[in-house]
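Can you build the whole structure from these sequences, using the hints too?
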Amino acid sequence: MSFTVPDDCRYLDSHEWARQQNGTVRIGITDFAQDELGDVVFVELPREGDELEQGAEFGVIESIKAVSDLYAPVSGTVTATNETLIDDPELVNDDPFGDGWMLEVDLDDESELDELLSPEEYREQIE
Amino acid sequence: MSDDSPEIRYDQARWSDEDGYEPLLSEKNSREVDIETPLPDDLTRDSLELPDLSEPELARHYTRLSQMNYGVESGPFPLGSCTMKYNPKFTEDLAAHPSAAVHPDRPEETVQGTLALLGRTAEYLAEIGGMDDVTLQPPAGAAGEYTGVLIAKAYHEHNGDDRSEIIVPDSAHGTNFASAALAGFDVVELPSGEDGRVDLDALEEAISDETALLMLTNPNTLGLFERDIEEIAEMVHDAGGLLYYDGANLNALLGRARPGDMGFDIMHYNVHKTFATPHGGGGPGAGPVGVVEELTDFLPEPHVRKRGGGYELFEPERSIGKVHGFQGNWLVLIKTCAYIARLGDEGLRDASAKAVLNANYLAEQIDYEVPFGPFHHEFVASAGDQDAADVAKRMLDYGVHPPTTKWPEIVDEALMTEPTEIENKRTLDQLAAAFDAVADEDRETIEAAPERTSARRIDQVSAARSPQLSWQALENSE
Numbered sequence: 514m515s516f517t518v519p520d521d522c523r524y525l526d527s528h529e530w531a532r533q534q535n536g537t538v539r540i541g542i543t544d545f546a547q548d549e550l551g552d553v554v555f556v557e558l559p560r561e562g563d564e565l566e567q568g569a570e571f572g573v574i575e576s577i578k579a580v581s582d583l584y585a586p587v588s589g590t591v592t593a594t595n596e597t598l599i600d601d602p603e604l605v606n607d608d609p610f611g612d613g614w615m616l617e618v619d620l621d622d623e624s625e626l627d628e629l630l631s632p633e634e635y636r637e638q639i640e
Numbered sequence: 478m479s480d481d482s483p484e485i486r487y488d489q490a491r492w493s494d495e496d497g498y499e500p501l502l503s504e505k506n507s508r509e510v511d512i513e514t515p516l517p518d519d520l521t522r523d524s525l526e527l528p529d530l531s532e533p534e535l536a537r538h539y540t541r542l543s544q545m546n547y548g549v550e551s552g553p554f555p556l557g558s559c560t561m562k563y564n565p566k567f568t569e570d571l572a573a574h575p576s577a578a579v580h581p582d583r584p585e586e587t588v589q590g591t592l593a594l595l596g597r598t599a600e601y602l603a604e605i606g607g608m609d610d611v612t613l614q615p616p617a618g619a620a621g622e623y624t625g626v627l628i629a630k631a632y633h634e635h636n637g638d639d640r641s642e643i644i645v646p647d648s649a650h651g652t653n654f655a656s657a658a659l660a661g662f663d664v665v666e667l668p669s670g671e672d673g674r675v676d677l678d679a680l681e682e683a684i685s686d687e688t689a690l691l692m693l694t695n696p697n698t699l700g701l702f703e704r705d706i707e708e709i710a711e712m713v714h715d716a717g718g719l720l721y722y723d724g725a726n727l728n729a730l731l732g733r734a735r736p737g738d739m740g741f742d743i744m745h746y747n748v749h750k751t752f753a754t755p756h757g758g759g760g761p762g763a764g765p766v767g768v769v770e771e772l773t774d775f776l777p778e779p780h781v782r783k784r785g786g787g788y789e790l791f792e793p794e795r796s797i798g799k800v801h802g803f804q805g806n807w808l809v810l811i812k813t814c815a816y817i818a819r820l821g822d823e824g825l826r827d828a829s830a831k832a833v834l835n836a837n838y839l840a841e842q843i844d845y846e847v848p849f850g851p852f853h854h855e856f857v858a859s860a861g862d863q864d865a866a867d868v869a870k871r872m873l874d875y876g877v878h879p880p881t882t883k884w885p886e887i888v889d890e891a892l893m894t895e896p897t898e899i900e901n902k903r904t905l906d907q908l909a910a911a912f913d914a915v916a917d918e919d920r921e922t923i924e925a926a927p928e929r930t931s932a933r934r935i936d937q938v939s940a941a942r943s944p945q946l947s948w949q950a951l952e953n954s955e
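Residue numbers (this note's numbering), protein chains in the order written: chain A, 514 to 640; chain B, 478 to 955.
Since the hints were made in silico from the structure, they are not lab data.
Each hint should be verified, as a subset may be incorrect.
[As the list claims (entries may be wrong)] Distance windows between CB atoms, simulated:
| id | chain 1 | residue 1 | chain 2 | residue 2 | range |
| --- | --- | --- | --- | --- | --- |
| 1 | B | Arg929 | A | Ser515 | 45 to 55 angstroms |
| 2 | A | Asp548 | B | Asp827 | 45 to 55 angstroms |
| 3 | A | Phe516 | B | His714 | 43 to 53 angstroms |
| 4 | A | Phe516 | B | His635 | 51 to 61 angstroms |
| 5 | B | Asp827 | A | Ala569 | 45 to 55 angstroms |
| 6 | B | Ala932 | A | Pro632 | 42 to 52 angstroms |
[Unchecked claim] Here are some of the chain A residues that sit facing chain B, going by a computed Cβ distance under 8 angstroms:
| id | residue |
| --- | --- |
| 7 | Asp552 |
| 8 | Val554 |
| 9 | Ala569 |
| 10 | Ile577 |
[To be verified] Residues of chain B clear of chain A, computed beta-carbon distances all greater than 12 angstroms:
| id | residue |
| --- | --- |
| 11 | Ser493 |
| 12 | Thr514 |
| 13 | Glu526 |
| 14 | Ala866 |
| 15 | Lys883 |
| 16 | Glu886 |
| 17 | Arg903 |
Glycine residues also receive a C-beta, built at the ideal position from the N, C-alpha and C atoms.
Right, dumping it as structure tokens:
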């Protein structure tokens, strides 16, 4: 099976993605991750204004099969959360890189993005 | 399938009408009943719709519900780490005896029989666990764990020793982590060694002067005996910590080995697992906690002790306080006491022997791969390429209850199986036949299962995404 790995994102080996767009960074989980998890039933996210630390837990995702921690690909301040996930957690399955996004973050240090896996490196990891 | 196959043929009853399953009593026939009450009008209704049925209708209703259920009185129920045992009926008779209905506030001198039974139950449990004293207060196994952790906390505090960490192996029951965290400790997770047991090097690294407690179950959740237990106890004690025994797997040791002799300081007993009292399901349970001499002053109150020719209730000197109302779940404790008294030393030894024999026999019989071993009272097989949850659903079609699935996580697609001592060889062979039948089936078949049960596969996704947790919510959603 082949999974979508967009070229405009950077990745954590724990299957979160980060995408720089319009001066902010969006965060979500990858296609591979949603497939592994199966039907997502609940997503717990931080609040606006909360601080993220790269590599640290920022939330919890629950599927029929498992409960997993979510890890922050970058450090920064949460400026928006995807509130539609409260009622429609299946968006994470349906569109993990689009409508299934989780957070928008005001980045502390742009160089942190360079520490993440490139799309090629992430593709290699999930193969 | 050949004629001499021990496989069970099974089709579960399914009672239903055009609206769905067997209706509720009030849906069958009901009648408005006028209500007169001294309570204010704005707080009461004038009438109430109550079921209006004959006795046979009522009897049939409950029989039908039971036919659409599966329990330990229907067939084998090898739910690992749960120890689903048949509960002997004589213990129910004793708990239902009119003299067991004692008001908990009656003066001590008028309830000496009750106190004597509680005292005797505590003595039995202390003897079985190798502990110096036992509280019967905690209302469940997890409540027992929490009580035990609070006792350890009170002990360290009393010694002016501020310790912040509790060590729990990765294969431990989830409640261990929860009990430790709820009591305010940081949980240090201990990775298992390659043989599925505690890795002494990892333990050495985890232990520090912050270690308040190490929580272990022995045999562990893989059904493996912690052979190094004496060394483990010494390491923890040398660092000033205490050792906690999770009694979930005590069934394997009954009458043969005692946690107290292994160096454990605190333990809880799951009387519903080891001593055949009913599993909760929301009902009352009991999770007595045993401690060594040094910790007896910290036990919850009220506590029972002998005085003169009788018994009294008292508050231990440094008691952690109350963990439950009155004298604990008394009716469950009657059943515990009765079971131990009926089996006696020899019976208890026989129970643990058969529990271990049955688990090892079944582990040998089934086609699924069984890593680790030899085992005590349970084993963990791997469903391999199959999904353990699908295997479980399919096993229902063969008239057996499936094992615990997907846990512990150290075995892929785990099938955690505990036949218990109650099954004979014929039933174990039927169980093995069910495992093997499913092992040979293709993905499509097991993903479509169950087919022969009253309810087919439940829509877990909808249930989790839009739960209806009351009848009002259900009606509103329709």
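Okay, the hints, checked on the actual structure:
1. For Arg929(B) and Ser515(A), the hinted distance range of 45 to 55 angstroms is not satisfied, since their beta carbons lie about 38 angstroms from each other.
2. Between Asp548(A) and Asp827(B) the C-beta distance comes to about 50 angstroms, which sits within the given range of 45 to 55 angstroms.
3. Checking the proposed 43 to 53 angstroms range against Phe516(A) and His714(B) shows it holds: the Cβ atoms sit about 51 angstroms from each other.
4. For the pair Phe516(A) and His635(B), the beta carbons lie near 57 angstroms from each other, so the given range of 51 to 61 angstroms is met.
5. Distance hint check for Asp827(B) and Ala569(A): the Cβ-Cβ separation is about 53 angstroms, which falls inside the suggested range of 45 to 55 angstroms.
6. For Ala932(B) and Pro632(A), the Cβ-Cβ distance of about 45 angstroms falls inside the hinted range of 42 to 52 angstroms, so the restraint holds.
7. This hint holds: Asp552(A) has a C-beta 4 angstroms from the nearest C-beta of chain B, less than the 8 angstroms allowed.
8. Interface restraint check for Val554(A): the shortest CB-CB distance to chain B comes to about 4 angstroms, inside 8 angstroms, so the restraint holds.
9. Proximity of Ala569(A) to chain B is violated relative to the hint, the smallest CB-CB distance being about 16 angstroms (cut-off 8 angstroms).
10. With its C-beta approaching chain B no nearer than about 5 angstroms, Ile577(A) sits inside the 8 angstroms limit, and its interface hint holds.
11. No beta-carbon of chain A is positioned within 12 angstroms of the beta-carbon of Ser493(B); the least distance is around 26 angstroms.
12. The Cβ of Thr514(B) lies farther than 12 angstroms from every Cβ of chain A, with a closest approach of about 42 angstroms, so its non-interface assignment holds.
13. Every beta carbon of chain A lies more than 12 angstroms from that of Glu526(B), the smallest distance being close to 35 angstroms; the non-interface claim holds.
14. Distance to chain A contradicts Ala866(B) as a non-interface residue, since its nearest Cβ pair spans about 8 angstroms, not more than 12 angstroms.
15. Against chain A, the non-interface label of Lys883(B) is violated: not every CB pair exceeds 12 angstroms, the least being about 8 angstroms.
16. The non-interface label for Glu886(B) is inconsistent with chain A: the shortest C-beta to C-beta separation is roughly 10 angstroms, within 12 angstroms.
17. Distance check on Arg903(B): its Cβ is at least 35 angstroms (rounded) from any Cβ of chain A, clearing the 12 angstroms threshold; non-interface status holds.
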